[in-house]
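Generate coordinates for the entire structure from the input sequences, incorporating the hints supplied.
Chain order of the listed sequences is A and B. FYI, the numbering used here numbers position 201 of the first sequence as 201, with every residue one higher than the one before it. FYI, the numbering used here numbers position 42 of the second sequence as 42, with every residue one higher than the one before it.
Source of the hints: derived by calculation from the structure; they are not laboratory data. Heads up, some of the hints might be wrong.
What the hints assert, rightly or not - Straight-line C-alpha distance at most 27 Å; calculated DSSO-like pairs for lysine-lysine:
no., chain 1, residue 1, chain 2, residue 2
1, A, Lys150, B, Lys49
2, B, Lys11, A, Lys60
3, B, Lys47, A, Lys118
4, A, Lys107, B, Lys47
5, B, Lys11, A, Lys107
6, B, Lys100, A, Lys168
7, A, Lys176, B, Lys110
8, A, Lys176, A, Lys60
Just so it is clear, the structure is predicted and the values come from calculations on it, not from any experiment.
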Amino acid sequence: MAQAVALASSGPGGLIANVANMLADPYFYEALTNTLLLAAMIIPLQVALALGFALLINTKFPGYNILLYILVLPLTISDVAAGLIWYSMLSPYGFLNKFLIDLRILKRPIYFFGYQFKRMEYLAIVITEVWRATAIVFVIILAGLQMISKEYLEAAEVFGAGSLQRLKHITLPLLKPSLQAALIIRTLFAFQVFGQVWILAGRDVPVLAGEAYYQQVEIKNYGRAALYSLIIAVLSMAVGWFYIRFLKSTYIEGG
Amino acid sequence: MLNPNGRELLKRIALYTSVTIAACWILAPIIISLLYGFASPEDYYDKYKVIPLHFTFKHVYELLFVLDSFRAVLNSLAVALGTIALSFLLGLPAGYALAKFVFPGKDTLKLLIVVTRMFPIMVIAVPLTVLYIRIGLSDTLIGLVLAHTAMSLPFVVLITSSIFAGIPTDYEEAAMVFGLSRVSSFLRITLPLALPGLAATAMFTFIISWNEVFIASVLMLVNRTLPAHILTMVTYGCPDYYKFAAISIMVLPAMSFVLIARKYLISMWGITIR
Numbered sequence: 001m002a003q004a005v006a007l008a009s010s011g012p013g014g015l016i017a018n019v020a021n022m023l024a025d026p027y028f029y030e031a032l033t034n035t036l037l038l039a040a041m042i043i044p045l046q047v048a049l050a051l052g053f054a055l056l057i058n059t060k061f062p063g064y065n066i067l068l069y070i071l072v073l074p075l076t077i078s079d080v081a082a083g084l085i086w087y088s089m090l091s092p093y094g095f096l097n098k099f100l101i102d103l104r105i106l107k108r109p110i111y112f113f114g115y116q117f118k119r120m121e122y123l124a125i126v127i128t129e130v131w132r133a134t135a136i137v138f139v140i141i142l143a144g145l146q147m148i149s150k151e152y153l154e155a156a157e158v159f160g161a162g163s164l165q166r167l168k169h170i171t172l173p174l175l176k177p178s179l180q181a182a183l184i185i186r187t188l189f190a191f192q193v194f195g196q197v198w199i200l201a202g203r204d205v206p207v208l209a210g211e212a213y214y215q216q217v218e219i220k221n222y223g224r225a226a227l228y229s230l231i232i233a234v235l236s237m238a239v240g241w242f243y244i245r246f247l248k249s250t251y252i253e254g255g
Numbered sequence: 001m002l003n004p005n006g007r008e009l010l011k012r013i014a015l016y017t018s019v020t021i022a023a024c025w026i027l028a029p030i031i032i033s034l035l036y037g038f039a040s041p042e043d044y045y046d047k048y049k050v051i052p053l054h055f056t057f058k059h060v061y062e063l064l065f066v067l068d069s070f071r072a073v074l075n076s077l078a079v080a081l082g083t084i085a086l087s088f089l090l091g092l093p094a095g096y097a098l099a100k101f102v103f104p105g106k107d108t109l110k111l112l113i114v115v116t117r118m119f120p121i122m123v124i125a126v127p128l129t130v131l132y133i134r135i136g137l138s139d140t141l142i143g144l145v146l147a148h149t150a151m152s153l154p155f156v157v158l159i160t161s162s163i164f165a166g167i168p169t170d171y172e173e174a175a176m177v178f179g180l181s182r183v184s185s186f187l188r189i190t191l192p193l194a195l196p197g198l199a200a201t202a203m204f205t206f207i208i209s210w211n212e213v214f215i216a217s218v219l220m221l222v223n224r225t226l227p228a229h230i231l232t233m234v235t236y237g238c239p240d241y242y243k244f245a246a247i248s249i250m251v252l253p254a255m256s257f258v259l260i261a262r263k264y265l266i267s268m269w270g271i272t273i274r
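The structure is reproduced here in structure tokens:
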């Protein structure tokens, strides 16, 4: 960390000149807003989807084990591989385009990739990230769900609460600690999003980690790269601080 | 109005529809991309062939041996195995101590480990390059093993400590009563009991290292690991079928883990993620 600060202040003019240079780079603002925007789009979707999956598994229908293994499968898939997998689905000759053309729903393929289709690249990144990383949220929420005592739910049922009411007044409030933990963990990882973005969009959709990589490996501007990584660190620490501050009790109980 | 039976049936239909959708959402992309990885280019570029019918191993072969991915696979394997060895060497005693002994500052230490885990690893990666150039570790597998160990060590400590905590201390004490030393009672009683869990931990560490791309591509420029190699390849442009062929090489080893270590899977991710 100290090394990163030292590195960030290297070069003529020191830290201030480096920061000023970075602030003058339009890619910096784009990277910052893209990172935050992607997090803001992806995380609510993931939480909603993971909650649905977890509730589904928690009904313990016959054969739920199989679905459980399927749902955690993406945990073993790296971000680069996930990017490639969705590239094979969405590319002009990919599965979805060919499938929809075959069904005569589309006349020509929808283009997801390329600088002029930046919006679609965004969409592709969101889909990929929701597909890959929902599993993490799902595992946390499922663990939380299984800690909820059945007695509360049964008591509510005795008093005539419907399944929606039980979800709203009992399950969700009791799930709050796991939900918060899931949210914050996901936020931390969202700041580091790199592999799938680089695979799917390259530098068309700059993100903080992508810029750090670009400056380091392609430009060899170590000072700038260090600055970008420091920004990620500061953002993460801010979120981590919230974590310690508001959730300390939950994970001391748990761990 | 539906009678109770009809309603029950509807409920079941709704349940199994959503189960099928959920399963397809995860499985379909994996299966299709694996199929495309082995499809012949003619099938892939034929827009009327949604599911390829002709398969070839040519692209995987060329990717491995002509485009030099085989060396990247070997690098990845070496780094992952090195990471397992080093992080177990350092993490196992720590996990054991956290599980079996009470000492002042234990909770603080645990908290500290959790915090380290949340710290973004990229911050370390960038200054490490410069440091490694200075001490002569730049672009070496050892350097990457060190970085990956830094990343996976907190996981290993937390998981192993929970595994050791699950094994009653009484066994070890009984063994010591019967004349075994502390070390040999650990080696002959606790270790065999912990072995399956430790094996799963090793596989978990393997996945962390095998999948990691940012540090690997920042630290290694010549001896690239597999994800870093693929990333560079895709960045500089390559035909689509090589990209698809890369998927199977990257995904299959890690995915087999789910099948082998089913039993430990959920609890393990529960621990590391909480």
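Fill in: Straight-line alpha-carbon gap lysine 11/B to lysine 107/A, limit 27 Å
Roughly 38 Å separates the two Cα atoms, so the pair is violated.
Item to complete: Decide if the proposed pair is consistent with the structure: lysine 11/B and lysine 60/A, CA atoms, cutoff 27 Å inclusive.
Response: Roughly 14 Å between the alpha carbons, so the hint for lysine 11/B and lysine 60/A holds.
Worksheet item: If you draw a straight line from the CA of lysine 176/A to the CA of lysine 60/A, is it 27 Å or shorter?
Response: holds, 22 Å
Fill in: Satisfaction of hint between lysine 49/B and lysine 150/A, Cα-Cα up to 27 Å
Given that 27 Å is the threshold and the Cα spacing comes to 51 Å, the pair is violated.
Discussion item. Next pair to validate is lysine 100/B with lysine 168/A; report whether the Cα-Cα distance is within 27 Å.
Written reply: violated, 41 Å
Discussion item. Need the status of pair lysine 107/A, lysine 47/B: alpha-carbon distance at most 27 Å?
Written reply: At roughly 11 Å apart (the allowed maximum being 27 Å), lysine 47/B and lysine 107/A satisfy the hint.
Worksheet item: Are lysine 47/B and lysine 118/A close enough, with their CA atoms no more than 27 Å apart?
Response: Holds, at about 24 Å.
Discussion item. Check whether the Cα positions of lysine 176/A and lysine 110/B lie no farther apart than 27 Å.
Written reply: Holds - the C-alpha atoms of lysine 110/B and lysine 176/A are around 23 Å apart, at most 27 Å.
In summary, the structure is inconsistent with hints 1, 5, 6 from the numbered list given earlier, while agreeing with the others.
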